[in-house]
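There are 2 protein chains.
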Amino acid sequence: MENNVVFTNCVAEAIDRIAETIKPTKTFVVVDENTMSAALPVVSHDSATIKDAFVIMVKPGDENKNLESLSYIWQQLGDAGATRHSMLVNLGGGVVTDMGAFAAATFKRGIRFVNVPTTLLAAVDASVGGKTGINFNGLKNEIGAFKNADQVIVSSIFFNTLSATEMRSGYGEMLKHALIKGPDMLNDLMRQDVLEVGSERMLDLLKENVGVKQDIVFQDPTEKGLRKALNLGHTTGHAFESLALKRNSPIPHGYAVAYGLVVELILSVMQKGFPAETMRRIAGYIYENYRAFAITCNDYDELIGFMKHDKKNVDASEINFTLLHDVGVLALDSTASVKEIEAALDIYRDVMHLD
Amino acid sequence: MENNVVFTNCVAEAIDRIAETIKPTKTFVVVDENTMSAALPVVSHDSATIKDAFVIMVKPGDENKNLESLSYIWQQLGDAGATRHSMLVNLGGGVVTDMGAFAAATFKRGIRFVNVPTTLLAAVDASVGGKTGINFNGLKNEIGAFKNADQVIVSSIFFNTLSATEMRSGYGEMLKHALIKGPDMLNDLMRQDVLEVGSERMLDLLKENVGVKQDIVFQDPTEKGLRKALNLGHTTGHAFESLALKRNSPIPHGYAVAYGLVVELILSVMQKGFPAETMRRIAGYIYENYRAFAITCNDYDELIGFMKHDKKNVDASEINFTLLHDVGVLALDSTASVKEIEAALDIYRDVMHLD
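Residue numbers (our numbering), protein chains in the order written: chain A, 3 to 357; chain B, 3 to 357.
I should point out that these hints are in silico values taken from the structure, not numbers from a laboratory. As the structure is a computational prediction, the values presented were derived from the model and not from experiment. Hints may be right or wrong, so weigh each one.
The list makes no distinction among identical chains, and a pair is therefore deemed to hold if it is satisfied within one copy or across any two copies.
The list that follows gives simulated cross-link-like pairs (lysine-lysine, PhoX-like), each with its CA atoms no further than 20 Å apart [said to hold, decoys possible]:
#1 K25 <-> K226
#2 K310 <-> K230
#3 K28 <-> K53
#4 K28 <-> K310
#5 K183 <-> K230
#6 K230 <-> K142
#7 K61 <-> K142
#8 K274 <-> K230
Between the sequences and the hints, there should be enough to build the whole structure, so can you do that?
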């Protein structure tokens with residue numbers, strides 16, 4: 003796999019440069035209603051490629067990452083005369099980059115495409131790994147493909163229009179990468195408030211942080227082994243997301259991951275000798291910045307039910323986790339029993355000041 | 003690219019063998035209404051894998067190779083509990099194998115799949131090359147992906163239920179491969195009537211014939227150069243197909259290719275020194291077996307218009323063809339002017355006894 007990610011705040015120049023290499027007969031841009039007004043003008047002001055591009059606008063939000071929107075992108079591409087030598091630029095958060103990338107991967111059996119993530123979460127989480135797709139039949143990312151962008155342009159120039167919640171959500175995934183990488187990166191992140199990081203400093207942080215994911219994906223492009231490291235915090239995080247959705251009050255993905263990290267660090271303490279004090283320090287930082295996802299012991303059965311249905315579980319009788327022996331020291335392919343998970347949730351409620 | 007095609011009339015055994023390698027948690031089969039009754043019972047009688055499989059039936063015909071049918075396959079897979087460790091077997095003609103393969107390539111970002119072509123055309127044309135997809139927005143194969151099956155099982159056991167027209171259609175593509183390969187293979191094919199070839203002999207012919215395409219695709223998997231050889235007969239063939247469709251009397255793909263071969267051999271005589279006598283001999287064979295696609299000089303403008311819109315033409319001002327210096331000697335990246343094409347169509351009408 004080539005290293006196709008560039009980190010730069012000169013986004014317009016970067017787009018024009020890749021267009022010079024690809025030499026598309028025509029360029030198309032996918033945006034949503036938000037990036038149409040907040041990001042497109044910024045880029046099109048300085049990029050001749052984007053200025054001349056045909057714009058395809060989809061509705062924002064995960065509920066519109068569906069077959070209808072995908073079909074609309076395909077239709078617009080065809081009607082506006084896209085050929086197999088056209089190029090598609092996806093300018094938006096994860097919904098736009100995932101769905102636009104899948105449209106490009108499948109239009110005329112594949113056209114060239116560039117992803118320009120505009121949210122911190124998409125920059126950290128969706129920029130690397132070649133995962134493209136849509137939700138279908140009530141399931142997230144049920145339909146999709148692995149396909150790398152010709153280029154991913156990671157920048158921090160669009161973040162000034164994001165809410166504090168969106169910034170914190172992205173930072174949740176950054177904390178996960180730091181936990182995988184080691185103490186230096188983790189301490190660096192915990193020393194500051196994501197809302198107070200300047201634009202250039204943020205670009206440096208992103209370069210370092212996304213680098214962790216790049217290294218892992220490079221070594222395991224099709225998710226056979228090492229890539230499971232990236233599931234840290236996610237077995238529990240997905241269960242929290244599902245429960246929140248069922249309660250009709252969804253929580254941002256990065257928040258769910260942050261809460262999930264706390265539970266899985268507790269399991270790491272219980273099983274793998276992860277230092278209890280470090281776990282408490284991290285839980286403290288997460289509580290301070292994210293507060294807690296509220297659960298009682300009456301939620302345990304349901305949470306464990308969600309974990310059992312997670313697609314990573316080949317055999318639903320035991321539950322898979324990625325755990326840590328210490329910050330930066332992975333324990334892949336770990337499992338936990340229902341009793342252990344219940345105990346960990348008890349401790350989670352304690353360290354997160356619930357009840 | 004691995005060599006993933008097996009030639010065998012022990013289809014049930016071949017399916018069970020690949021299932022033993024893949025070890026799917028569950029197997030699904032896509033059929034259409036025809037192969038549901040004509041092919042599925044034959045295979046399921048001897049294959050434990052197919053006997054236990056969940057069957058997904060789609061409507062037959064190119065007009066049903068669409069987003070609605072694809073969506074139905076995705077839905078059925080999901081509802082019946084397919085996981086990313088499931089396997090899909092596509093049992094049918096080109097519509098079933100192209101669409102089923104695309105469904106497998108995109109369900110949960112890709113599950114394992116096996117293609118079992120049941121028509122001669124699909125065995126020759128759709129079994130190799132990894133082209134998957136559906137028609138969309140009025141265009142053939144507008145949406146799709148390049149993805150190789152884990153295995154393609156080519157056999158001749160299903161051909162006894164095919165019509166003479168279906169057999170001749172497949173043979174049209176076989177003639178094309180023989181023209182690319184050389185005189186021995188071509189003479190071998192022209193010495194016999196496709197309707198009188200026995201089942202074992204047909205399997206041998208297929209092995210040799212599909213081998214031509216395999217060699218080419220192996221050397222050029224993403225259609226950059228040599229693979230254009232496979233377009234022989236197709237620039238004109240597609241134009242004939244489009245005109246027939248417009249006349250509301252569609253012709254089988256392999257027939258269109260056979261007529262297209264005649265026109266493009268004439269162009270080869272005009273431009274590349276292809277022996278005129280060989281061209282006349284082949285045209286005679288095609289007339290004898292396929293009769294002629296009737297055109298007059300009033301159709302020329304429309305035919306040339308269709309050629310100009312062919313997706314292989316980067317610049318619509320000249321028309322690309324794959325031509326031959328002689329049987330087995332390629333002249334890739336040839337072009338012809340409108341005047342030359344008109345002259346070739348005049349000769350086509352003459353050698354095909356039109357007017």
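**OP:** Go through the numbered hints given earlier and state which of them the structure violates, listing their numbers in rising order.
**Re:** Violated hints: none; all satisfied.
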